[in-house]
Each structure stands twice: as structure tokens, then as C-alpha cells.
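Peer 1: The chain contents come next:
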Amino acid sequence: MKTTTRVAKVSAATCTAFTLLLTSCIYNRQSAIDPAGPQSGRIDTLWWSFFWLLGAIFLIVMVLTAMTLTRQHRGFEQEPLEALHKASEKTEARLRSVITGATIVSIVILFVLIVASTVTGKANSELQNKKNPLTIQVTGTQWWWQIEYKMGDPTRSLVTANEIHIPVGRPIQIRGASNDVIHSFWVPNLNGKRDLIPSRITTEWLEADHPGAYRGQCAEFCGLQHAHMALWVIAEPEDKFNAWLEAQLQPAASPRTPEEIKGEQVFMNHACIYCHAIEGTPAAGQSGPDLTHFGSRRGIAANTLPNTMGNLAGWILDPQTIKPGNHMATIEVSSGDLQPLLEYLESLK
Amino acid sequence: MRASQDIYPQSVDVERDVEQLRNSWRHPRGVLGWLSFTTHQAIGTRYIVTAFIMLLAGGIEALMIRTQLMRANNGYLGPERYNQIFTTHGTTMMFLFAVPVMEGMAIYLVPLMCGTRNVAFPRLNAFGYWMYLFGVLFLYWGVFTNTAPDVGWFAYPPLSGPQYTPGKSTDFWAQMITFTEVSALCVAAEIIATISKMRAPGMSLNRMPLYIWSILIQSWMIIFAMPAIVLASSYLLSDRTVGTHFVNPAEGGDPLLYQHIFWFFGHPEVYIIFIPALGFVSAIVVAHARREIVGYTAMVLAQIANGFIAFGLWVHHMFATDLPQIGEAYFTASSMMIAVTSGVQIFCWIATLWSGRPRMTTALHFVYGFIAIFVLGGLTGVMLAAVPLDLQAHDTYFVVAHFHYVLIGGALFPLFGAFYHWHPKFTGRLMNETLGRANFWVLFAGFNLTFFPMHILGLKGMPRRIYTYPPGMGWDGLNLLATVGAWIIAAGGILFIVNFLWSRKNGEVAGNNPWDADSLEWAASSPPANYNFEYLPAVTSRYPLWAPREQRGVVTGLATDRREALVTTLMDAEPHHRYILPGSSIWPLISAICVTIGFAGSVFNGWYITWGAIISGLAFIGWFWPKRPLEPAHD
Amino acid sequence: MKLTTVRNASGLAICFVVIACQRQHQDIRPSPTQLAIYGDAAKEDALRPGGPVSPQPTVNNPYNASAYDISEGQRLYNWYNCSGCHANGGGGIGPPLIKQHWIYGGEPANIFDTIVKGRPNGMPAWGGRIPEYQVWEIVAYIRSMNGEQPRSATASRADMIQPSPQTLVNRTNDQTK
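Top line first, the protein sequences correspond to chains A, B and C.
Numbering that gives the first Met the number 0 applies: residue 0 is where the first sequence begins, and numbers increase by one.
Numbering that gives the first Met the number 0 applies: residue 0 is where the second sequence begins, and numbers increase by one.
Numbering that gives the first Met the number 0 applies: residue 0 is where the third sequence begins, and numbers increase by one.
Think of the hints as simulated: they come from the structure by calculation, not from any bench.
The C-beta atom is built at its ideal place from N, Cα and C for all residues, glycine as well.
Just to be clear, a hint being listed does not mean it is correct.
Derived contacts from chain B toward chain A, CB cut-off under 8 angstroms, selection only [said to hold, decoys possible]:
| no. | residue |
| --- | --- |
| 1 | Glu-291 |
| 2 | Ile-345 |
| 3 | Ala-371 |
| 4 | Thr-467 |
| 5 | Thr-539 |
| 6 | Tyr-542 |
| 7 | Gly-611 |
Whenever a hint applies, use it, and build me the whole structure from the sequences.
Peer 2: Pasting the structure below:
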């Protein structure tokens, strides 16, 4: 008896806790159950239907299991079990038919679930037939994201990093590629994940319903800094997006203040240029993130830190403490050079 | 000890036969003798003890993982150490604990439950154990010398390739697989042979205990699944050590090929771990609900179906790799089918408990815990089988929660239950029931506290295998909860160890059959003699010890002055011929050492393959050298 | 019996630990001592660079025999475009690096100086441009090309994606359409 109530209590508490935790304190930055697009919306609906249906099944099974502990339910006919170790034929037959019934019910339920899942999958793949898609290539690299906007017109193609801006209501085709190991592109508020596999191109479609900033994170183990490989998807109204795009297509702003001018020289005279490119300057390295509009981005080191001057100083001086094992070189920047360099980089809006 | 003597016929000279059996089954003395044991009780015990040490190691690693993730931006472990530890945790638990412990239990229990004297190939059995032990030492040699693998227990290329993971760590990992494979295949072969040909007369296939069925299915699965992982790890190893390009995308190799092969093994692996555990559950339910199982045939068919379907759903680990939709639908359907076959078994157990007279022992507590946890894990498995849900939950903490529910709930809880159930048979003493119940409740509470929040963490976007996370993601509280839970699990583990040590000295003396259970192992003395039974039992029903006394019998006439056993036919277990089991031998150990030299050395230099093959060949010649002309069996 | 198990197992374990190696160590962060000797590692004769040197170079590569750093060196070798002139060690515009005879000396310290100071006829001076620890990593990698690193620390082959598996990309493009 005691155990029964305990089991019942545990399952009831479990269910309540789960529902509460899921519905109350949802954090909407990077959540699969706070949809911001049609894709993730459908998955969310599917999830809750699975949750309630399977949750009900779980409760029923738990109640039945707990009931086996209570004396009055022991055997339909209260047979003398100890001697024979089996119930009467009648009881056995009834048990067998109950099991058969339960099995048939579970087959039917599973069939419904398969249909629901397939229909959702199909509906989600319909997006690729929608008109006027925007193609963005996302290339995973240890441990940051290279973003390329493929505009059809080569002069208007844009390379940036760790931040994707998309227009609301327009289908986005993500072309996934990888420079080294397998990564996985995942922005849960918009859609499920898609692996980025070297030597292959994978595709994923997504769309945002309403403006907002949605966080994504690499979801396939990719080495030392797998934990610090995040990106932002910023959904904006069409006109705002176009303005952003035009600004990004410009070469880097030339330095204006003497500090910034000195900073540019510091950049060009250090190892920075071997890995980073700044459009409109001699810096054309391809191994690291493009810094042409670095100052306009939200984060540094694949969004390990917010993009502030202080964080940037720490990052340049000692990248291996912030993100141990990353491929940014530890370079020596003299104290007089650091502030101009920071000013210059942050001026690249 | 002679409780079943009343069923012996009048004609036998029990005193003389027991004397002779003792002599012919006596263990050799000394260290060298200790290394030559081939009885299944000794080898089984060694497996179980080694595997539990590995459980301890894996558990400590789990605690380190949880301690690191206790709060955001924690500095307890750096990324390289964290990666090493989660890889070692997964590898230890899957390859060095879960599979070997199930094999160890099988080695101990199968000959007893089948009513025979030893496994079919005792020396192969010893060889398998030594290979497993050397695999353990090989991997942990790496761990203790800062060469622990750090690419995950799945070691996906190209991350596990020589460029992205330089050094020897991944080679250690890949070669450790080979050790455990050899060991697992040895055990599978001898278990299949033992079950097929050495069952007690009368134990036809439809009278086999459900545990024997489950371990038979598991062994067949090992035989079909393990070659796939040998292939995968060999691809990886030869890519790394001799520069082949099987799975190297830069040269036209295919990293997805590796994933397919790995999961063609990796998914059945999960079933290899929990199908024997389902057998434990059946045995415990029958013994402690004190009635026959409901739906024996359905149970057997469901288990066989499980075994087959297990090979048809590996792709649900790869839904995120952009596969064609039609294939995804197939794998969704096959993944959900597992829920039906597992469901049938759950229904049968519940029906058995429902219509039985359950005795709430610790073992049965663990079965109830198993049902609660395993059903929940199974249902989240159904969710993960749906492609759209999987694309969100894949590689998040939701999956971590799911497979810990399935594997801890589905394998570890039944294993603990089985330990409480069979401990009196292993040692002759019962474990303490009060401590046992405390052990169960602490484990159960700690388990749910640890892993339940992980479902929510996964839905809230926390990916797996990250060594840290930023604050403000809404993950902090749940992670702290999970860490507290992990420490409670550790407390449960300590209770188990305390109970085990206490019971060795102070446990109640059990007698042959403390639970009044049904299967043949309870007819042997506790702990069983090296020869198991004075006279091999004969069987007339599915529950031999519950049969009326007049229906129980024994086999007489087998030679007792040598290690002789009875071979019976496959289907009906009719006596067929006598079989002389080999005795103690040091050669399995010598052979295992030679093979180890080849395997371990080849990680550093390919020539070791050649030298290892030559010395192993010599060792095998020594092993199989005919010692004396085979005498004809005297009647 | 249990005691014997423990004794045997622990004895074996200790043996394994004792004969183990440390090649796996990943020295992620350059330590200050490694930065101190940036400069003339080989103490070479200014008139006859790379020739018979006096005194003999005594500076050792801090990253010798370290698998992690050799692989880092390999990555940097491509990132800094050493491969542009030296290819994958076979040479092209620049001399081959897989060889017996070195113009400016083949000791680690000599190679270090060659990279840092540059050499006539095209080898640029990298000193002051790339950090010193990375030079040593590249030196370690170049030494590994000639089999002068322990086998156990050297990768059997490159895994780096070579530029343009274009055919593969095109093929997958077609499939996705």
C-alpha cells in the first residue's frame, strides 16, 4: 500500500513538475518549444501532441503498475497461487485478451504517430516550393561559422561570420558545408538541425514569422571548443534587412580619427592579416572570420563574448584563456598599439 | 546442501560420486593455478567483478562531468579534460561495463540454468575474459597517461582522423574496441553452443527460461553486430596509422559511411545491453510474484522480434545528415515498432504481477523501478523516432535523458535487481533487505533528479558534449539539480557497496533456494560447487523446481572421475552423447598475452601485427596440442 | 581469491603506467619562457648563415615530439601559405623540405632562424609577424616531414580538406535540386 501511494505520488509529481517547468520559465533565446517560424511551429505542435498522448499512456501504465501492488486486485478469482504457481485457465485467458487488446491499441497509436510525424515532415519540406527564396551558405569551421549570402550576382555576394540577418516572411535556404570536421547548424526557434559535413552540401529551409534575435549553437561534437560555437539569426522586416545588406556590401569604412588610422597600421603589421580579411584593405586572409563589418556584429569569438571593447582587448591579448584551443594566434601587441587597434576594429561598422 | 537428494534414485553411490566430482573439478593451486581457472563460476565472477570496477570508474567520470556542468562557465575541467572524460565515460559504460557485465552474468548463470556443468568451451571462456581485461587495462593505460580518447564514444571522422586528433589517444580507443569485440564474440559463441547443445534433458526450446531466451538472442545479436564495429574501428585505425582513406573526405573517403557502419553496430549494441536485462526482469518477476509468466510465447516472440528489428533502425541516429525523406519514414516506422515489441513484454510483466502474489523484496523493487523508468525512456524514444522531433532533440540533453532512462532504467536497475536476486546463489548469503530498499529508493530518487531535468534542458536548447555554457540561457537551475541528483546516485552506489561488503560476512545464510524460485540454478548448492550439480537434472516442465516431486528427475551414469557433461539435441534436448570438458589451462592466458602484444603494439608500429600473429599462432598451437589420446567413453 | 585478483590487477596496472608516455600532451597556451628566446636560435655566423656554426645550436624545439603541436604546425603551414612555395614538402617555387641536405642547416634551431629571418631569393622573414611559438610548431611539423619526429607523434597523412573537392560539391548540388 505504502509503495503504491509512493509510486502514484512520484508519477503525479513528475508530470506536474514537467508541465510547469516547460510552460512557465521558457527562455526564448534558444528553445525548441518557443517557435518563431512555421517550421518550428509545426514541430512544436507535433511535440505537444506527442507529449500529451504519450504522457497519458505513461500515466495509465504507471497506475496499472501501482495497482498490481494492492491486494484486492491480485488475481481475478483469488486462486491458491502458492501451491500451483499459476492462475486458473479463465484468469489466464482474460489476461491474455487484455494484453492482446493493449498491444493492438499501441499499434494503432503508433500508426497515428507515424502519420502525424510524416505529415509534419512533409509540410515542413513544402517551404522549398515557396517563391523568392534567399540562399545563405553556412560553412562550419573549428570553431566559428562562415556566412555567405549567395545573391546570384557575384558582385553582390557577401561574406560575414557568426551572424545571419534574414528578412521576415521570406523562405531561407541554408546550404550547409564544412571546412574541417562535422558540425551541425541548429537554430531551435526556427527549425531543427542539419549537419554540416565536409565534402557534402546539406540543405535546410527556414523562415521567421516575426522579428527577433534567435540564438543557435553547433550541435555536433566538433572538438575542443564545441561549446563556444554559437551564432545569431536576426530576423528583420524586409526594408530593414535590405538596408543592412546594402551596408554590409560596402567595403570597410576608412579610419577617420588618428587613433583609428594608427590602429589600421597595427592590424596590417601584425599576424592578423594572414588569417582575417577586411574588404578594401590589403588584409585578405581567408582562414579566420571576415572582419569587414566587425563592429556591427553582436559577439566575438563565435559569440563567446558580447562585442565590447573590453572583451575585444581580452580576446586579442589572450584568446587561449577565453576559448582554450581555438585557432586564433596569441600575438604580442604593445600597450601603445592595443587601444588604436581596438578603436579601429570597433569602427568597422 | 543435499536438499534435492530425495529425488536421486536408490542405485547411486552419492558419497563416492561427490568425492570423485570434487577431485576432477578441483581448481589448481598457486598463482599460476589461479590464472588457469576455467570453471564458469570463476570466469563469470571475474567478469562481474571487473565490470563493476569499470562501473565505479565510469561513475566517477560521470560525477566529474556533472560537477563541471554544475554552473555556467565553471572552471573545474578544461575542454580537453572534459572531452577526455565524457569519452571515457561513454566508452567505459558501453564497452567495458554494460556488455561485459551481462556476459559475466550469463557465463555464471547459463550453465546453472541449463542444468549442466560448465560452458561448452571453458578455455575459450577464459581467453575471452583475459582479452576483456587487457582491453580494460589498455584503455585505462591511456587514460592514466594523459592519452585518453577525446572524440566521443562514437569517434566520428574526420574529427577522429589524424589531422584533427593527433597522437595516439584515438588509436587506443579504436584498438580497445578490438579487444572487447574478441571477448564478446568468444562469449557469444560459447553461450550459443551451451544453450543449444547442453541443456538438461527435457528442456526443449519451449521450456527454456525466458532469461535463457534473452541471452541466446543477445548472443546472436553480438555475432551479427560486432563485426560491423570491428570494420568501423579498423577503417578508422588504418586511416590513422597507415594512411588509408576509407573515411577521409579529403581524399574521397566518406565520413557518413563510418556513421552507417558504426550505428549498424551501435543501435543493436543498446539492445545487446538491455535484452539480457529484460531476461533478468522475467526471472525476478516469476520468482517474486510466485507465479508463471503470463504470455510466455508472446514474450519469446517479442524478444526475437526485438532482436531482428534492432538491426533495421540505425539510421535514426543520422536523421540530421540530410537523408532522403522516404528512407526517413521507413526508419521512423521501424523505430516505433520496437515500442510494440517492448510494450508486449511490459504488458506481460504487469499482468504477471497483477495476477501473482508479489513479495516486495529489493529485487522486485528494482523491477518496479525498471518499469517506471524504462517506460518513460521508451516513450521518449518514440518521440525521437519522429523525424521532425528528432531534428530538434537530436544531440541535445533530451537525448542524453532518453538513453540514460533506457540504459540505466532498462539495464542497470534490472542488473541491481538481479544482483540482489542471485547474490545468495553467488555467495550463499542473502543481502540485507533494509539496506537494499534504502539503496533502491536513493538510486531511484537520484536517478530521476539527475536525468529528468535533462529532458527540459534539451528542449530549451542545450546541446550535448559541451564542456561549459554561458549564464543566462535558463539552464543553470536545471543543471544544478542534475548535479545534485548525480551525487545522490553516488550515495546509492555507496549503499550498494556497503550492503555487498556487509552481506559477505553477516548476510543471512541462504540455503539452496531462498526465494522458492522455479529455475534450475536454485537446485544447486549456494554457492554452487565447481561441478554445479551432483547429478545433472532432468526437466519435464517450464518451471522445473515448481514441478511436483514425482516429475523431477536426475541424469545418472555420467562419469564423475573426469569433467564429463551431457550433450542434448537442439530442439527437444534429448540426450545425445557425452562430452568431455577441458580442464584448467594456462594457455588461454598465454594466448591472450600474445594477441595483446600484437594488438597493442600495432597502434605504434604495423609490424606488431606480424610478430603478434606469429607468437599468437605458437600460443594457439600450445593450447590445442593434444595432451593424451582421447579415451573412448566407458559405459 | 579476491585478494589475489586485486593484487594481480593492480600490479599489471602499475606496470602499464610506469612504461607510459606523454606524447599526447596538448600545450594549448604558450608559456612565457617559450617567448623569451624569440630571435637568434641557432646563433649562426652572420657571414655564413646556416654554415658550420659556432657554437652549435643549443636551443631545442619546445614542441619536439608533441603530436598536438606537430598537427598545429601542419595547420599553420597551410594557413600561412608555406605550401604556396614549398608545396607539401616537395618544393615548387621554393626548395623542397623533404630532403637530406639543408642549405641553411636542418637542425630545429636552423629551420627556426630560416623562418624568422628569411633567406635570400624569396624566403620572407616572418619574425615579428607571427608569434614565436607558432614558428616552433611549424619547425616541428617540417621535421616530421623528414621522419625526424617519433612515429607515435606523427600523423600518417593529412586530413586537411584540400582546396576544391569541387566535383563532390557539384555532385551534391545536383542531388539537392
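Peer 1: Where does the structure disagree with the numbered hints, that is, which hint numbers, in rising order?
Peer 2: Going through the list in order, the structure violates hints 5, 7 and respects the others.
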